[in-house]
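**Student:** The residues making up each chain are set out below.
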Amino acid sequence: MSAEKLRVVAIGVEAFDQALQDTGTPFVRLDWKPPASGDTDLVGALFEIDTACIDENGQSLVDKANRAVFDRILKGQPTLRRVLPAHQCIEGMTRTTILHAGPPIEWRDMCGPMKGAFLGAIRYEGLAGTDEEAAEMMASGKITYGPNHARNAVGPMTGMISYSMPVFVVENETFGNKAYCTINEGIGKVMRFGANGPEVIERLRWLEKEVAPTLDEAVRSMGGVNLKNIIAQSLAMGDEMHQRNVAASLNFYKAIAGPLHDALKGRENGTKVAAFVGSGNEQFFLNLAMAASKAIMDPCRDVPHSTVITAMSRNGVNFGITVSGLGQQWFQAPCLKPEALYFPGFSERDANPDMGDSAIVECIGIGGFAMGSAPAVVRFVGAGGLADAQRYTNSMGEITVGQNPALAMPNMDFAGVPTAIDIRKVVATGILPVINTGVAHREPGIGQVGAGIVNPPMTIMEDAVRAFAEKYAK
Amino acid sequence: MKIKTIIMPNSYRDSVFLMKLSGQAKERGGAETVSAMMGTPRNKELFEASGLMTPEIRAANANDLVIAVRADEDGLEAAAAAVVAMLEEAPARKREDARGASVPRTIDAAMAADPGLNAALISVAGDYARYEAARAVANNTDVMLYSDNISIADELALKTMASRKKLLVMGPDCGTAIINGTPLAFANHVRPGPVGLIGASGTGLQEVCCLLDRMDVGISQAYGTGGRDLKDDIGGLTALTALERLAADAGTTIIAILGKPPGEATRAKILERCRGLGKKVFMHYMGASNYDAENKAGIGTAGNLTDFSIMVARHVNASADLDGKKDDYPLHAGLKPGFVYGIFGGGTLCQEAAEIAAARLPGDKFSNLKVGGFKHITGKDRVEGHVFLDLGEDEFTVGRPHPMMAPELKMERLVDALCNPKAAVALIDMVIGYGSHPDQANLVARALEKADKQSGGASRKKQVVASVCGTKGDAPSRSDQVAILERAGVVVFASNAYAAAWAVRAAQGA
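Keeping their order, the protein sequence lines are chains B and H.
The first sequence: position 300 = 300 (the working numbering), numbered continuously.
The number in the working numbering is simply the position in the second sequence, starting from 1, with 1000 added.
If you are wondering where the hints come from, they were derived from the structure by calculation, not from laboratory data.
Any given hint could be a false lead.
No farther apart than 30 Å at their CA atoms in a straight line, the calculated lysine-lysine pairs in the DSSO-like style are these [to be verified]:
| hint | chain 1 | residue 1 | chain 2 | residue 2 |
| --- | --- | --- | --- | --- |
| 1 | H | 1026 | B | 33 |
| 2 | H | 1326 | B | 474 |
| 3 | H | 1231 | B | 474 |
| 4 | H | 1260 | B | 64 |
| 5 | H | 1165 | H | 1326 |
| 6 | H | 1326 | B | 5 |
| 7 | B | 5 | H | 1165 |
| 8 | H | 1422 | B | 64 |
| 9 | B | 5 | H | 1450 |
| 10 | H | 1260 | H | 1336 |
| 11 | B | 33 | H | 1326 |
| 12 | H | 1166 | B | 33 |
| 13 | H | 1026 | B | 471 |
| 14 | H | 1280 | H | 1269 |
| 15 | H | 1280 | B | 5 |
| 16 | H | 1026 | B | 474 |
| 17 | H | 1166 | B | 5 |
| 18 | H | 1336 | H | 1280 |
| 19 | H | 1336 | B | 33 |
| 20 | H | 1336 | H | 1020 |
| 21 | H | 1336 | H | 1326 |
Chain H residues, not near chain B, derived (Cβ > 10 Å throughout) [as the list claims (entries may be wrong)]:
| hint | residue |
| --- | --- |
| 22 | 1014 |
| 23 | 1041 |
| 24 | 1048 |
| 25 | 1165 |
| 26 | 1379 |
| 27 | 1454 |
| 28 | 1460 |
| 29 | 1483 |
All of these numbers come straight from a predicted model, not from anything done at the bench.
For every residue, glycine included, the Cβ atom is placed at its ideal position computed from N, Cα and C.
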């Protein structure tokens, strides 16, 4: 013991450095600032969590639980198994069930695009002929609605999933659970941005009748598609899989090209389906990345003592998170507006508050967390250059449990993506998760008007830390 | 008088730096008050209490550096500009290291970058220090916790976690430790050797380290525990872990434990552990009179830190002794009877001197510490009698650095005492070494000159008595500081106990 020289980490009085310097003691003086922005009650909650949640050897039960969750994320093996109508795979779907993005929200409180999407989904299901009838059904409780996340599902933007809509069925082979996400509709007037005109409904029917069965046949014939491999490959090709899915969409198409060709043989308008999957939409893979992420995160729920975030999601009004050790409880507060670049002719005034389940991808370490690996996306999301992007990724390292070596970033010296967001670290450091996001117009149906970066509100992280301390440290 | 506030967002500076800056900026800019603090809730209360609160300060947060300047209307802008200029002159905090890598901001990040870190030195405000200490323990490092304002419950929570991991939390409010040869916070340059020390917090540990060094006996470790560790509320968790470390260390053949008298249960626990150690153990609990149980177990004890150190040293070398003036140093002619003014920076040294006076000095005695036979006063009280003040107590250190770092107030008190017609003796301690003000002897010499002028020469008839806690390896060395004091007419003793004993005799007249 006495042979071991001290190596000191120092915070506070700098006058004490002299003794360390004079004795040649290696030390690092932190660039310190008060934790939790100096909120002494929150610091108290963090302190209680650290000191009360320990085992007989003084080891942190929270660190142990988080490490277990982190291992589950690393072990997750998402594979696309089927493409099926929602009612054939998602539990409890009735003809009048509609699922939406984000934490739970009442009809009367929904934003414009979300309302527009609900009305469109009701008409798409043939439950109403007009928007007025559809609105009446919503108001009178004839439609059962609730968050995707409660049914092992996710959806981008408004995130609509109704009875007949086809969904990707992604199985986490390691744990046997399944997760679901709709097929990306493409750009322009689409339901995920709240559009609900005839062409939107028509496209959804075409997806249901033409695209989904063919994709399902192709996927089934090849015994499934390994999505984790595609994510890893595409990360090395400059995608972060939230804002940019160019390589991933191409890689997916490449993987299924042969079987898809076979499945399309003899079908009328087969070329249209092939073009839709192969070249029509650079964001095609986003929905697969989301379903893969959801499949990876669901086995991480309900691990006692874990402070890892299991879902981040927005409903166009509120931003919500769930935390492993705190079960299904949502911690939510009004969404912040993204820091975004707007398409020509649009500005922040046109922006809807943040929306969608897509932030599930950041939960496994891609999207904004992997920005350092996606130079092409950097300027678009408002960062200055590659160094800024790498700084984003590095700072996410300060609020996560570890790095996922299976998702390596070549231009970050092959570091694994920062994985498993720890609410304790978020609150202590004041560093919020970075989410790459698209910005919807606040009027239904106009579509995407920009893209940028958004953070969850800090208050939900703080509320979750307080609730955690109340549950585990009192 | 007008108040101007300056808020510098996201600019953490440590409290000692800011307190020194406040004092110097006040002199340089001609303000009535300059108060520079971080905008924590606790500091805001201080701004409120001192009448400096403004809406800007109320809106500031703990990351903001807040400066309040109070001056007359004409001088306000200049005084405020002086503070800002001084801040700009001070070296900026490092955000990048020599290789351009960014400096870590948290203990977790530092540990991730260098898993070899094995100790944390923490001296930020207590509300945050407890959390940082917990992070350090979670990362498997020992902790030196200089910070105070940490509750007993929080101390127990921290130490319980640390103790289960066999880690040390030295503190809170721990001023001194020397671990594996590295001095942490206030400490002296002492030689390595066979004695492993465990001490409560501060100057008691320094005094014993230095006295041993001056008798050519070195130490293996000096572990601080914080002043409350031996209370039954805490149960000696740090002391017991430290004992295990010393038990396992082949280089430690002698163990010396010092502190205030422990709680009964804790005292028994410590004694029980010491029985089975197979090493020679010495104990000194300041103010305790009954050591029957310890002595029966073969543990050596003594009445004060000086006798204790000599006893320990003689276990190594039978002829060990201290050089310099001792309590039997002859009184010189012309000493008139009067009051003793003991003015201390070291709490344990003040306590020890007062205990010595309690037994041997007749008349009314006052102290801001708890001492048997003394009446309790605060630093503001003016009383007729012998006075022993510890200027390191909280009442003197709110918004001001510890007197060992910034002895200005101590010097003011010294001048006051020497100008007091009823004073016969001024008794001071001087703790030198790492962390301490680098040239206290010359400050004392200047204070004596000032008293001389202020009293029209009357102060020259009073005797200033001092001990210097330090070693020849300190910079400046103990002998350099002693020489300056002696040139100024101060009688300097080999130890604090000797100085106190002689001062008590001198105050009763030759």
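**Student:** Could you work out which of the previously given hints the structure breaks and list their numbers from low to high?
**Tutor:** Checked against the structure, the hints that fail are numbers 2, 4, 5, 6, 8, 9, 10, 11, 13, 16, 18, 19, 20, 22, 23, 25, while the rest are satisfied.
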